[in-house]
Amino acid sequence: MSTYPLAATRRRRRSVRHTLDMRVSPYAYVAPFFLLFCAFGLFPLIYTAWVSLHEWTLLSDTQEFVGLGNYSTLLADGYFWNATFNTLSIGVLSTAPQLLLAIWLAHLLNRRLRLQTLFRISLLLPNVTSVVAVVVIFSQLFGRDFGLINWMLSWFGVGSIDWAAGTATSHVALSVMIMWRWTGYNALIFLAAMQAVPRELYEAATLDGASNFRQLRSVTLPMIRPTIIFVVIVSTIGAMQIIAEPMLFAQSTGSGGGTFATGGPDRQFQTLALYVYEQAFANSTFDFGYASAASWLMFLAVVIVSGVNFLITRRAKGGIV
Amino acid sequence: MTPRIRLAVPLLAAALLSSACGGGGGGSAAAPASAQPGEKIKLTVGLFGDFGFKPLYEEYKKTHPNIEIVENVTQFNDHHNNLVKRLATNAGAGDVEAVEVGYISTFTAQPNKFVDLKQFGLDKRQSDYLDWKWQQGLSKDGGQVLGLGTDVGGLAMCYRKDLFKKAGLPTDRAEVAALWPTWEQYIETGKKFAAADVAGAKFTDSPGEIFRAMVNQAPTGLYDAQDTIIVESNPDVKKAWDLSNQLTQEGLTAKLAAFSPPWNTGFAKGSFATIICPAWMTGFIQEQAKDATGKWDIATVPGGSGNSGGSHLMVPKQSKHPKEAAELIDFLTSKDNQAKVFKEEGTFPSIPALYDDPSIQNFTKPFFGDAPIGKIYSDAAKALKPQHLGPKEADVRVAIGNGLGRVEQGKQTPDEAWTQVLEDVKKIR
Chain H
1 MSTYPLAATR RRRRSVRHTL DMRVSPYAYV APFFLLFCAF GLFPLIYTAW
51 VSLHEWTLLS DTQEFVGLGN YSTLLADGYF WNATFNTLSI GVLSTAPQLL
101 LAIWLAHLLN RRLRLQTLFR ISLLLPNVTS VVAVVVIFSQ LFGRDFGLIN
151 WMLSWFGVGS IDWAAGTATS HVALSVMIMW RWTGYNALIF LAAMQAVPRE
201 LYEAATLDGA SNFRQLRSVT LPMIRPTIIF VVIVSTIGAM QIIAEPMLFA
251 QSTGSGGGTF ATGGPDRQFQ TLALYVYEQA FANSTFDFGY ASAASWLMFL
301 AVVIVSGVNF LITRRAKGGI V
Chain W
1 MTPRIRLAVP LLAAALLSSA CGGGGGGSAA APASAQPGEK IKLTVGLFGD
51 FGFKPLYEEY KKTHPNIEIV ENVTQFNDHH NNLVKRLATN AGAGDVEAVE
101 VGYISTFTAQ PNKFVDLKQF GLDKRQSDYL DWKWQQGLSK DGGQVLGLGT
151 DVGGLAMCYR KDLFKKAGLP TDRAEVAALW PTWEQYIETG KKFAAADVAG
201 AKFTDSPGEI FRAMVNQAPT GLYDAQDTII VESNPDVKKA WDLSNQLTQE
251 GLTAKLAAFS PPWNTGFAKG SFATIICPAW MTGFIQEQAK DATGKWDIAT
301 VPGGSGNSGG SHLMVPKQSK HPKEAAELID FLTSKDNQAK VFKEEGTFPS
351 IPALYDDPSI QNFTKPFFGD APIGKIYSDA AKALKPQHLG PKEADVRVAI
401 GNGLGRVEQG KQTPDEAWTQ VLEDVKKIR
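Those protein sequence lines, which keep their order, are chains H and W. Numbered according to the UniProt record's numbering, the first sequence spans residues 1 to 321. Numbered according to the UniProt record's numbering, the second sequence spans residues 1 to 429.
Next comes chain H alone, as it looks inside the complex:
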């Protein structure tokens, strides 16, 4: 008996292991993420679709299949469309000024400054503050009887505004809270992108006599366009899912006849996410089927609005690139 065959087997085994290692390891390394994603992302998504096809409440033991019944009820439900309108309105009111402000802030910080790091860190501070604290404080600022903002407005002869009561005023108040939390965060992302813009372009622009504003418009913005697209998409998705702000705003201003999930007695600031919450959790029916259908329509709305924004931002022309 020679030792040769054994060595060959060993070598062959090693080469099998090597192939396996090269082929399988990469997948094995990314597997944890995908397992988590399947458990907490994909599965709930599909299960929600399944639930949405049923008459499904938390308390009943039987779930009757109703096909698209929940969806057709939902499309005829005025409160659903009201929530859709509010979401879009708050989304536009908060996102558009927020991004302009963020670009401007980033532009201001994109130069040699004393205490650079301090400025940059302070941009992020509102973002690390708890949303509860932000809304509670802003609700007091926007208070009807003893609020700081109404007090300041009274200097200019403006009568006291019931911010939470009006549709437009409540949307403005909520947008200010959202902007307070996210402007600095987005400014930092823009700043990072701006620092990657080659200096020579600015030197050339300066030689050509371009003003500071012209440089921002014709050099900076075109160069950071991929980042702008990214920030617009992420902000849009975020804005479509606003829930904590309106709910806590209702609570801290006492709007609503016993529940805070309606976003004011006239549902004047009930967002889509809050509407889903109301249907699923904020009454004693716990209508999961209906809420799931609303979640899916909300998902579709997010996809559509993000897609539209993507197209608009990509098409937006400006300057040299």
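Think of the hints as simulated: they come from the structure by calculation, not from any bench. A few of these clues could be false.
[Claimed, not checked] Per label pair, the in silico range of CB-to-CB distance: (1) H:101 - W:429: 40 to 50 Å; (2) W:251 - H:211: 51 to 61 Å; (3) H:300 - W:59: 53 to 63 Å; (4) H:81 - W:232: 22 to 32 Å; (5) W:410 - H:199: 54 to 64 Å.
Note that CB positions come from ideal geometry on N, CA and C, so glycine has one too.
Mind docking chain W on chain H? Use the hints.
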């Protein structure tokens, strides 16, 4: 690192993660009947506000050194909705849960989710209680004792003497009571108050709780005895609705929704001169208007007696220590302890033997200008006619509350708001 190990690490990580994800939900409904003597037992008590139980826990621990009591307090609506969720998912409920009367039929309709307190001998307490209060804690067929009452919310009207004086109205509680035998006369008094134009103060806080009180004074409320919602057909509900909106339209309310932060500020600033005062409200006033000692007083309520609020304590079946929980309930709701809680917190006992007890009858509170609150609430509780409450009572009240809010915020006329309320109520299943 050898290839084998390199393969094994991520796989192991993945396996760990997936098993960690799968392992969370093992709540078990089976519970041991009783604990070993001397074993440390932790009981959680779920409440929706300060019930004034804290001194009682301390006392209880003296005789039961092995019991540790943890109190979880959440907001009113959250508390009850969470309880529904926890019962449905069979996990997370406390050993003792408080249920307000607006929700009691929601929960007694699910007798299989709660411990029958009869098995621990608590049916012996029946003779202590107001009959209707006892009945509310029973299962629908009356066979099981699911909850024991804590307090009842006999109605009265609290008012600010200093503001009444400024408005040129009488301040003595008998004279004030004589101003408003009916709700219509209450509104007339309000108009007089408004005419005097007291700076920074309205006649009352908001119509929400007043609406609830008026409905509760009627023989039937939002539901009939067959558990059908009768908001549309019950003239008493419509009358309460109209009167509530009249308060708003005459400009008599400060537009401060009960239990909201601006309402709390309103107490401190003296933004309203009267507030509907079920017994438990006196505790709130004392807490919120700390600087107003002697300014508040209590008169009888317009429109005759009624009950608004009050709670029961129940033991969910998922409790691991049902016997100890039942004993704790027996203790917390005992005659002596209900009397103690009343004197501290203002929540009024549901045990009629106390109503003629001299220590209750003669009980006064300096905060309310030494008003004889023991006598006022005893009389209210004795005159009280119970009303049948339905399973979705709370949801119906939210729909109506939002309607009142829309009128108050000037969004709709009362008629438009009423139409929408009826549509909303029809959707409640």
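- Message: Tell me the numbers of any earlier hints that the structure contravenes, in ascending order.
- Response: none
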